[in-house]
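Heads up: the protein sequence lines correspond to chains A and B, in order. Position one of the first sequence corresponds to residue 1 (the numbering used here), numbered consecutively onward. Position one of the second sequence corresponds to residue 291 (the numbering used here), numbered consecutively onward.
Source of the hints: derived by calculation from the structure; they are not laboratory data. Any given hint might turn out to be false.
In silico BS3-like cross-links for lysine-lysine, where the CA-CA straight-line distance does not exceed 25 Å [said to hold, decoys possible]: (1) B:K548 with A:K225; (2) A:K225 with A:K171; (3) A:K225 with B:K486; (4) B:K548 with B:K430; (5) B:K486 with B:K430.
Partial chain A-side listing against chain B, Cβ under 7 Å, derived [claimed, not checked]: (6) G56; (7) Y126; (8) G223.
Every residue, glycine too, gets a C-beta built ideally from N, C-alpha and C.
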Amino acid sequence: MHSEYLELALVQTKPRKGPVAANRDALRALLLPLQAAPPDVILLPEAALTGYFLEGATLECALTREEIADELAGVWRSVSSAPVEFVCGFYEQASGVVYNSAIAVAITSDTLEILHVHRKLFLPTYGVFDEARFVKRGRRVRTYTGVRLPSAIAICEDAWHALVPTIAAMKGAQLLFVPSASPAREPRDGEFENLRQWEAILRGIAREHGMFVCYAGLTGFEGGKGMSGGSCVIDPSGDLVARASNFEAEVLRVRLDLADLAVARAALPLLGDLRNVWADLLRECDVTDA
Amino acid sequence: MYGLICCVSVMLPTLELDLDLTIRWLVAFLRDELQTRRGINHAVLGLSGGVDSAVAAALCVRALGRERVTAFALPYRTSSPASLRDAQAVADQVQIRLEIRDITAAVDGYLLSEPDADPRRRGNVMARVRMLVLFDQSAKLAALPIGTGNKTERLLGYYTWHADDAPPLNPLGDLFKTQIWAVATALGLPSQVISKPPSADLEADQTDEGDLGIRYQVADQILDLLLRGYRDPALLERGFAATDIALVRGRLDATHWKRHLPTTAMISATAINESYLRPVDW
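Just chain A, with the same shape it has in the complex (with noise of 0.2 Å):
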C-alpha cells in the first residue's frame, strides 16, 4: 500500500550555457544530498541543464527522450539505488524537430521507463521571449500515472494559459509540475513582479482545480537576464507550502499530505462543478467570429 504522503524534490539547477553533457556534474553535487532520503519525485526546471536563452545553438543542445532519460539516469544512478521519478525540463530534438520539452522518467537501479513527454504549446516569442523562432510547438495536454498520483506537466507560459491546468485537471491531474524558467524583471516591494505573477497563477491554478502545484525556476544570469529561482509547492487549498530562495541553486525538499486533495475538493468543488458543465461549455467554445 501506498504511503499518504508524497516526497519531492524541487531542484533548483543554475546550468553552465552548453549542452547537458557539460552540466552533469553540477547536476549530481546537487542531488548528492538527497542520497539519505531519497524522494520520490525530482522536479527540475525548463531547459534545466542546458540553458535556456539558446539561439541558434538550441538544435545543438536539443537530445531526443531517450538520451535525456538515459543523461538523467546516469547521474542519479551515481548517487542512489532508490527508485525515483525525474521531471526535467529540456530541449528535445525529435526527427529533426526541436521542441521545448519536459520528460517525466521513472528510474531504479536497472531500469528505465518514460512515463510521458510533454511539449510545450505555449511558445513565449515578445520581450525578452524569443522561442518560436528556435522550437515547434508542442499539441497535446495529457496526464500520466506518476508515482503516487495522475500527473500532468505545463511548461511556463502553459500555465499562464488557464485552458491547460484545467483540461490537464478535467482529464484527472491531481499534481501539476510547471518547470519554469522566468527572468526577473520589476523589483517591487520585496518581491520581483514576474514572481509575484506566478505566485498567484500557481495558486489560482490550485484553489480552482484542488490539485497540488510545483514549480521549479531555473537560476543564474544568462548575458545579464538573471532567472528568478523562486522554486515552490501549493497544496490543493491554493496555500504556498515551501518556497526556495530566488538566486542560487538549491533543494527544495517537501512532503506532499495527499489527504490534502479530498479535504480540499471538499470543501471547494470547483472541479466537479466544471465537470457538471463541461458539455455545455465545450458547445461554447467556437469562437471563431468572436
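Start from chain A and add chain B according to the hints.
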C-alpha cells in the same frame, strides 16, 4: 436619480524599485558574470566622482570584496578638482584603492595635430583614452572593466560610442538616472556625490541636464512611457510638455545605432548575429 462616475486611467508606471532587492540582484549579477562564468575575480572601473561610477564601485565591492576592486581616477588637465575629491571620497567610503592616471599627455599627444578639434571631438578623445586605460589596466590586473553607463544616457545617446559603453559588463545599464540616485542613497554613498548636478566633466561648468536640455526626472518618465509603447497623446495627457516629448523622442530615435554592434554588410547565409545566432554567454 443616478449619478455618473467617470474614471480615466492616466496612471504613470512607477519607476520605484525595491532597493534592497535590486542591490542584491545586481551583486548576484556581478558575481555570476565575473566569477562563475568568466572565472575573473577582480574588477576595474573608472571613478569619475559622479554617482554612476560610485554606485558601480559599491556594487563591485559587495560582489567581490574591496581587495578585488581597483578604481582609477582619470583626470584631464581641464577636469574639475572637485571631481577628483569626490572620487576619493567614494573610494574612501567603500575602502578601495584609487589610482590616479592623468590622461592629459595621452589626449594632448593626439590633439596636438588636431588643434581645431571642437569640444565634442575633444570629449570623445578623452572618453576613448579613459577606456584605453581601463582595458589596459584590466589586462595588467587579470581583471575585467565594469561599465557605469545608465539607462537614461544609453537611451538618449549621451555617451561616446565604443568608449563609455565598451566594458563587457554593466550592472547599471537598465537603471534610469533617477533610479541610480535612489540606489546610491540606499548604498549610503557620500551625499555630495548624489546631490551634485551630474556632469561628464569634459568641459568646465558642463552639466548633463544643460547639455540635454531636460531634467532627468522628466526624461526618465518620458523614456519609460515611450519604451512601454505609449504614444505622444498619452504622454500629453499625463502632463508632459510637447517640447520635452519631442526632445526625448528625437534623441531616442536618432541614436538607436549607438546601442548596437557595427552595421555589417551581409553576404553569406551564415551572417553573424543575423543567421548565426549565439547568446553572449554561449
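Open item on the list: Checking one constraint from the list: CA of K486 (chain B) to CA of K430 (chain B), max 25 Å. Satisfied?
Closed with: Outside the cut-off at roughly 33 Å; violated.
- [ ] Take the C-alpha atoms of K225 (chain A) and K171 (chain A), compute the straight-line distance between them, and say whether it is at most 25 Å.
- [x] violated (36 Å)
TODO: Have a go at the G223 (chain A) hint: is there a Cβ in chain B nearer than 7 Å to its own Cβ?
DONE: holds (4 Å)
Open item on the list: For K225 (chain A) and K486 (chain B), compute the direct alpha-carbon distance and say whether it is at most 25 Å.
Closed with: Judged against 25 Å, a Cα distance of about 32 Å means the pair is violated.
Task: Status of the hint placing G56 (chain A) at chain B (closest C-beta pair under 7 Å) - done: holds (4 Å)
TODO: Let me know if the C-beta of Y126 (chain A) comes in closer than 7 Å to any C-beta of chain B, holds or violated.
DONE: The hint is violated - Y126 (chain A) has no Cβ within 7 Å of chain B, the shortest such distance being about 12 Å.
TODO: Could you grab the alpha-carbon distance between K548 (chain B) and K225 (chain A) and see if it respects the 25 Å cut-off?
DONE: Cα-Cα ~21 Å, so holds.
- [ ] Decide if the proposed pair is consistent with the structure: K548 (chain B) and K430 (chain B), CA atoms, cutoff 25 Å inclusive.
- [x] Between K548 (chain B) and K430 (chain B) the Cα gap is close to 29 Å, so the pair fails against 25 Å, i.e. violated.
Of the numbered hints listed earlier, those contradicted by the structure are 2, 3, 4, 5, 7.
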